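Trainee: Work the whole structure out from these sequences, hints included.
Counting from 1, one number per residue, gives the positions in the sequence shown under the UniProt record's numbering.
Any given hint could turn out to be false.
[What the hints assert, rightly or not] The calculated lysine to any residue pairs, modelled on SDA-like cross-linking and capped at a C-alpha distance of 25 Å, are: (1) Lys29 <-> Ala92; (2) Lys29 <-> Ser157; (3) Lys29 <-> Gln39; (4) Lys29 <-> Ala95; (5) Lys29 <-> Gly98; (6) Lys29 <-> Glu144.
If you are wondering where the hints come from, they were derived from the structure by calculation, not from laboratory data.
Since this is a predicted model, take the numbers as computed values, not measurements.
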Amino acid sequence: MRSLTEPGGYRAVPPPGASGASIETLHQKVRQFYVLQAQLLDRGDVEAWAATFTEDAVFVQSSHRDRVFAGNSSPERRGRPAIAQAAGRGVAARAATGVTRRYWVDAHTVRRSYDLTLRTRFNALLIETPAGGPCRIFLSVAGEDILIPHGGAWQVSRRTIFHDDAG
Numbered sequence: 001m002r003s004l005t006e007p008g009g010y011r012a013v014p015p016p017g018a019s020g021a022s023i024e025t026l027h028q029k030v031r032q033f034y035v036l037q038a039q040l041l042d043r044g045d046v047e048a049w050a051a052t053f054t055e056d057a058v059f060v061q062s063s064h065r066d067r068v069f070a071g072n073s074s075p076e077r078r079g080r081p082a083i084a085q086a087a088g089r090g091v092a093a094r095a096a097t098g099v100t101r102r103y104w105v106d107a108h109t110v111r112r113s114y115d116l117t118l119r120t121r122f123n124a125l126l127i128e129t130p131a132g133g134p135c136r137i138f139l140s141v142a143g144e145d146i147l148i149p150h151g152g153a154w155q156v157s158r159r160t161i162f163h164d165d166a167g
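Mentor: Below you can see the structure in the form of structure tokens.
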């Protein structure tokens with residue numbers, strides 16, 4: 001598994017308050033963090049994607065049970081291993097059926113917090129394409145993250161996803 005900070009790795013965002021880091025620069029770096037997260041899932045690199053979460057991270061989805069990103073996973077997952085396991089099941093299920101999934105994450109807002117964390121909000125589309133078939137939007141969601149600085153990079157300590165169809 002590649003380190004989050006090695007050359008060519010996934011180091012995307014300097015810690016908040018880094019020398020010369022304007023809010024505009026910070027916002028752009030946070031966008032890069034989410035682009036890299038999306039690309040890791042696009043490739044099915046679950047271990048590297050999970051490494052962008054803290055060891056004790058919490059991942060919550062407000063959704064219908066059949067719409068949780070990993071199928072039969074619990075809507076709340078605690079700890080990096082549980083988050084990775086759920087994502088791995090989803091990646092394996094799509095690979096078995098020949099479905100390609102892409103993640104489009106945008107519309108970010110970023111707030112610095114007094115405790116050096118960032119509070120972010122974003123929208124995401126999950127787009128699926130079956131082998132030989134047309135693409136379709138699988139999910140439309142809004143998300144909220146708490147990002148903490150870790151070793152010169154960022155990690156998600158809490159992610160809450162709100163599915164648009166959750167009612």
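Trainee: With reference to the structure, classify each hint as holding or not holding.
Mentor: Against the structure, the hints:
no.: 1; hint: Lys29 <-> Ala92; in the structure: violated, 30 Å
no.: 2; hint: Lys29 <-> Ser157; in the structure: holds, 18 Å
no.: 3; hint: Lys29 <-> Gln39; in the structure: holds, 15 Å
no.: 4; hint: Lys29 <-> Ala95; in the structure: violated, 31 Å
no.: 5; hint: Lys29 <-> Gly98; in the structure: violated, 33 Å
no.: 6; hint: Lys29 <-> Glu144; in the structure: holds, 17 Å
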